[in-house]
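Following the hints, position chain U against chain P.
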Amino acid sequence: MALAAILAALAASMLSSAQPAGGADRPDPVTEAAAFRNYFVKKFPDVKLEEFANGPYALNEDMRRQWQEIDQFPPYEFSLEKGKELFATPFANGKTYADCFPAAGVGIRQNYPYFDASEGKVVTLELALNRCREANGETALPYVGDAMAALTAYMAFTSRGKPFDIKIPDDARALKAYQNGKRYFYTRRGQLNFSCATCHVQYPGEHMRAEVLAPALGILNAMPIYRSEWGGMGTISRRFTTCNSQIRGLPLEPQSEEYRDLEYYLSYLSNGLPISGPGTRP
Amino acid sequence: MASSIRVRAIANGETTDVQTLIQHPMDSGFVKDDKGEFIPAHFIQELTFEHDGKKVFVADWGTAVSKDPYVKFSFKGGNKGDDLKVSWIDNKGESDTATVKIQ
Chain P
1 MALAAILAAL AASMLSSAQP AGGADRPDPV TEAAAFRNYF VKKFPDVKLE EFANGPYALN
61 EDMRRQWQEI DQFPPYEFSL EKGKELFATP FANGKTYADC FPAAGVGIRQ NYPYFDASEG
121 KVVTLELALN RCREANGETA LPYVGDAMAA LTAYMAFTSR GKPFDIKIPD DARALKAYQN
181 GKRYFYTRRG QLNFSCATCH VQYPGEHMRA EVLAPALGIL NAMPIYRSEW GGMGTISRRF
241 TTCNSQIRGL PLEPQSEEYR DLEYYLSYLS NGLPISGPGT RP
Chain U
1 MASSIRVRAI ANGETTDVQT LIQHPMDSGF VKDDKGEFIP AHFIQELTFE HDGKKVFVAD
61 WGTAVSKDPY VKFSFKGGNK GDDLKVSWID NKGESDTATV KIQ
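Sequence order for the protein chains is P and U. According to the working numbering, the stretch in the first sequence is residues 1 to 282, in order. According to the working numbering, the stretch in the second sequence is residues 1 to 103, in order.
These are calculated hints, taken from the structure and not from any lab test. Just so it is clear, the structure is predicted and the values come from calculations on it, not from any experiment. From the three backbone atoms N, C-alpha and C, an ideal C-beta is built for every residue, glycine too. Some clues are possibly wrong.
If you anchor each label on the Cβ, the simulated ranges turn out as follows [stated by the list, open to error]:
no.	chain 1	residue 1	chain 2	residue 2	range
1	U	31	P	202	46 to 56 Å
2	U	52	P	68	52 to 62 Å
3	P	167	U	29	44 to 54 Å
4	P	116	U	33	49 to 59 Å
5	U	54	P	102	32 to 42 Å
6	P	39	U	31	40 to 50 Å
7	U	76	P	197	24 to 34 Å
8	P	189	U	81	52 to 62 Å
9	U	87	P	189	47 to 57 Å
10	U	81	P	229	53 to 63 Å
11	P	189	U	13	51 to 61 Å
12	P	69	U	3	14 to 24 Å
13	U	13	P	252	53 to 63 Å
Next comes chain P alone, as it looks inside the complex (with noise of 0.2 Å):
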């Protein structure tokens, strides 16, 4: 009789757990992202919300004091002319990215990435921008290299102090996608068994070595960055693929379906505050 019981129960858990996202916990997007939001802001009682979106100098003064110096005249602003340069320039076919985007590519970058129901899929700006590319006949640009990082600063710049605007559509596929890049996002990995959240939830504010960790809440907000440690410009796809080397993991192609998981996760996370980027980082 016990054991029917205990079948039973297990029946009823396996039933309740058959959701469409799958998991017992069903994702609730709007709490998780609530909650998240709660645990920076009581982790750092002083720091105003918005300023989040400005990393490591949120946190530490005497970081931010030499960043505003360095602001006064900042290291990417030759990318950022150079990108809107790049995106001036019309292809073979006498197109131009603006062709591709609303707005003409001006102040979106806010809305990306987004949930593609056609394709099922997340669209990163970078994604965007190649897909661009090829749809005219060109070659598609590496995801870690100079070029995409101008283009991206150039279309940051046009949208900065616009909050992110994230949205997950009522679609089974959508709320996958963010549980996915949720779950890489606390995932250990590497030899280090570092997961991205042990830096930069749990530690943010703190060293290593001469680093201070940048809190997740914001973190895409000021990208691309101009690394003094790259000496030039990264996108998102370059910070992720170091990262992930730098806790000795090995890195994903970039563009792969889970760091455009990871990204939708985190730019959705960071909703409301506004676009820092392009931005300057040690």
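Same frame as chain P, now just chain U:
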């Protein structure tokens, strides 16, 4: 191609504050490329700021200066509307010049 030099000069009473950002690879000659070949040294040797026909700042640079160098200094004199001329020359003989008005 746009100028490799960004300058901002602000007259500040008796002195003028100057900030400059220069786009240059500043290769030291000791770094290898992805094929394992040394990247030849390519660096700015002399950076000069001139105001009113007089050199106010001259830097003799070598390979130890970072890529896309940033310089900040101030000099005595200089009025709003004056010209400030900046020029650099590197070890390959390449050079660039920019003239800005002091703000």
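Status of the given 46 to 56 Å range, CB of residue 202(P) versus CB of residue 31(U): 36 Å, violated
Hint check for residue 229(P) and residue 81(U) - Cβ pair distance inside 53 to 63 Å: 40 Å, violated
Verdict for residue 69(P), residue 3(U) (Cβ pair) under range 14 to 24 Å: Holds, since residue 69(P) and residue 3(U) (Cβ atoms, about 23 Å apart) stay within the stated range.
Outcome for the supplied range 32 to 42 Å, where the beta carbon pair is residue 54(U) and residue 102(P): Taking Cβ atoms as reference, residue 54(U) and residue 102(P) lie about 54 Å apart, which means the hint is violated.
CB-CB spacing for residue 33(U) and residue 116(P) relative to the 49 to 59 Å hint: 38 Å Cβ-Cβ, so the 49 to 59 Å window is violated.
C-beta pair residue 13(U), residue 252(P): status relative to the range 53 to 63 Å that was hinted: This hint holds: roughly 56 Å between Cβ atoms.
Cβ distance range 52 to 62 Å for residue 189(P) and residue 81(U), holds or violated: 59 Å Cβ-Cβ, so the 52 to 62 Å window holds.
Whether the CB-CB distance between residue 76(U) and residue 197(P) falls inside 24 to 34 Å: 54 Å, violated
44 to 54 Å as the expected CB spacing between residue 29(U) and residue 167(P), which holds or is violated: Because 52 Å falls inside the window, the suggested range holds.
Range hint 51 to 61 Å (beta carbons of residue 189(P) and residue 13(U)) holds or violated: For residue 13(U) against residue 189(P), whose Cβ atoms are near 58 Å apart, the range 51 to 61 Å holds.
Verdict for residue 39(P), residue 31(U) (Cβ pair) under range 40 to 50 Å: For residue 31(U) against residue 39(P), whose Cβ atoms are near 42 Å apart, the range 40 to 50 Å holds.
Cβ distance range 47 to 57 Å for residue 87(U) and residue 189(P), holds or violated: 51 Å, holds
The structure fails hints 1, 2, 4, 5, 7, 10 (numbered hints given earlier, in ascending order).
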